[in-house]
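K.L.:
As a plain string of letters, each chain reads:
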Amino acid sequence: MNGMHSMRTTKNTLVALLLAIGVSLPVAAQDAAPMQDAAPAADRSALDAEVQELRREVVDLNRDLFMLEEDLLFPASTQIAVFVSMDIGTFFALDSVQIKVDDKEVANYLYTARELEALKRGGVHRIWLGNLKAGEHEIVAYFTGQGTHERDYKRGATLTVEKGVGAKYVELKISDRLRKLQPEFVVRVWE
Amino acid sequence: MLASLLTIAALAASAPARAEAMAVPGLPAVKVQDLHYGDVLFYFYQHDHFNSLVRLAAYRDQGRLAAHARDAELLRGGLYLSLGQHREAREIFERLLADPATPAAVRDQAWFFLGKVLYAAGLYEQSEKALRAVTGKLTIGLDSERHMLLAQGLMYRGQYDRAIAELDGWQGPPQWMAYGHFNLGVALVRVGRPERGLQLLDQVGLIVTENPELSALRDKANLAIGYAELQAGKPAAALAALERVRLSGPQSSKALLGAGWADAASKEFRAALLPWLELQGRNLLDAAVQESYLAVPYAYAELGAMAQAVDYYEKAISAYDSERVRIGESIAAIRSGRLLTAALSADGDGREGWFGQLAEVPDAPESRYLYHLLAGHDFQEGLKGYRALDAMAKNLSGWSDSLDAFTHMVETRQQAFATRLPAADARLAVVDVGTLNTRRDVLQARLEAAFTERDVTALATPEEQGQLDLLDGVDAELAAHADDRSLDDSRERARLARGVLMWRLDDSWKVRSWQASRAMRDLDAAVYDARTRQTASSRAREGAPERNAALGVRVVAVSPRVSALAVRVDEAKLNQSRYLADLAISELESQRQRLDEYSVQARYSLALIYDRATSGQVPAPAPEQQP
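Residue numbers (our numbering), protein chains in the order written: chain A, 613 to 803; chain B, 715 to 1341.
Note that these hints are calculated values from the structure, not bench results. From the three backbone atoms N, C-alpha and C, an ideal C-beta is built for every residue, glycine too. Possibly wrong hints are sitting among the right ones.
Selected chain B positions facing chain A (Cβ under 8 Å, derived; list incomplete) [unchecked claim]: (1) GLN760; (2) GLY798; (3) LEU1103.
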């Protein structure tokens, strides 16, 4: 059988394969091997450069549009933003937050697992961006979730804000009160 | 065939795409001092790098990140890096490093990320310089990655001894250690120290883990050991490693092929048939599967089962031919432009990022070979670019709609302003805050005089004031009749009445003084409010047309940028899709050519068997004799 061409071919293949292992072992390449007969590298790098340039311009444009949208819809004179943040959050598993301003619901947000993870890592969620005229306003936030021992938990926090001529930022912070093993809901106004 | 095996081998020996998973900068925890920086982090931690970057850039320009200026800059560079914008990332890190005010900790991180950018660009020598410029302590994750980038950069430059020195004795977190051992093992094999190299690879090959990345690394280590031991003429050791490769993983076909060859090397052809026959049910575009179609009849021939050898050669020819037809259909489908629709529908959530997850795809001509095509680096990179362009096109289309709404909004505001202006002007005209202010000042002066002189009558109520006026009138009348003694009784009663009234006013002086002061304060506040509102109203009345006009100008100015970019993005998408189609067709053509070669080999081997059977050198094929 050894003299048969097919057998020779297959065995030669094995040798080639083994040699290939020896040749390719050295480089701890991070990417899969390139495909056969790939298009010229120059084409690819030109296209890559074009994608990069376009993305840079799109990022810049989005930045300008983001600011334009805010200036147009929420001018600083009337702007108010409400943020939700979390400090540890061991005693409270947040599900949703509802915001009422002057007894009118303006936001009702249900958090995904990914968003909760982002909050726990230090992210701050701008839950509502709106407009309020100058004067006194009442903001009520309802936090729904599970407290200790997996019990359903709903808590409210109220704040009266005096809206002046500049933008107003309100932070709703969920933190742990270690001494009482209870969550704590702190409202803070930033200027 | 050699080319396909080279591909197998390259895959077997390659290190994991670790740096991509770690492209997100592992910035240390930051105590948020600006809510808007927290908002940026909220998107960053969700791996929504585009939104995070846009917000960061906007908030930075709005001056809302003052407390985190350097952290924000570092993050901005990291976000550009993770989006593949190497030039922007490099500029930011270099700028941070050039600034003498940059704190040492931020400087170290900037050196690290700059090293990473240079590594990604293939500038390994410059990358090494940047990575070695880190003088302080990085987080354990960044420090581990720094070691790995240094070692891999050295290996890419062929400096295996230095890579070994970098990795040998290095201690890091368990997951990073696995990558370190793998790379160190590969470097040791390369410098001719296979014993210790394979020992290290074996450690990686024996890791117990459910982590998908580590499982993939373990498979690669076992595959590398398997083929290296085969090369060294140790089939039993090769088999032991290859059997540890997961049957469902991407390396399984190569492992099955290698396991067959290990058995064959030990003359265990019956055992070799098991993995090789298992391969026959798999996708024929896989080089290991193609190879198995020739290996199976080879094993039967070695076992002397010529009938089965003939059957399997015929099966191979038929399979190669069918696959050629299927490839032809796919090429036609790709030429008609259906490939990218299939590739994008197989994608995950469509969010722009490095990884496109390939889900279950239908067995349609355009999607049949997607998995195979996506295994190719160039195709993957090209698809990544196409996906990024697609996301940009959708983004721009969304803004284009918004801009129409913005234009309408500005126009409506201008019309509403013009309509409401006369009524507002009329209302403003009747409000004379100046007069109010003067009257308030007069009142204040009167109050101060009353306090100074303790003028109790000044704080009398209107009713009491009436009574005092009445008493004054009575006193005047009585004075006019001073000689009339019959009025003495009335005089006494008037005196008493005045005395009671004055006593009452005097007795409540303190309370009345306090009430008057408070009323004065309330009046002050009311006058201040009126003045502020009048000023704000006047300013709004005067500034509104300019503000609206300025917003209108901004909307008009940005609109052509959106449409011009949209056109360029569409053109780039078209170019990218053509490139991908060419790439796919080129790959499938080469596969078809390879199948042609295999088919010729199978036919030739079949002819040889018949030829030798005819000449009496081997027994004629007899199906009933199959084992």
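K.L.:
Close enough to count: is the Cβ of GLY798/B nearer than 8 Å to one in chain A?
P.N.:
Nearest chain A Cβ about 7 Å off; hint holds.
K.L.:
Take the shortest C-beta to C-beta distance between LEU1103/B and chain A; is it under 8 Å?
P.N.:
holds, 6 Å
K.L.:
Using 8 Å as the Cβ threshold, decide whether GLN760/B counts as touching chain A.
P.N.:
This hint holds: GLN760/B lies near chain A, its Cβ roughly 5 Å from the closest one there, short of 8 Å.
Violated hints: none; the structure is consistent with every hint.
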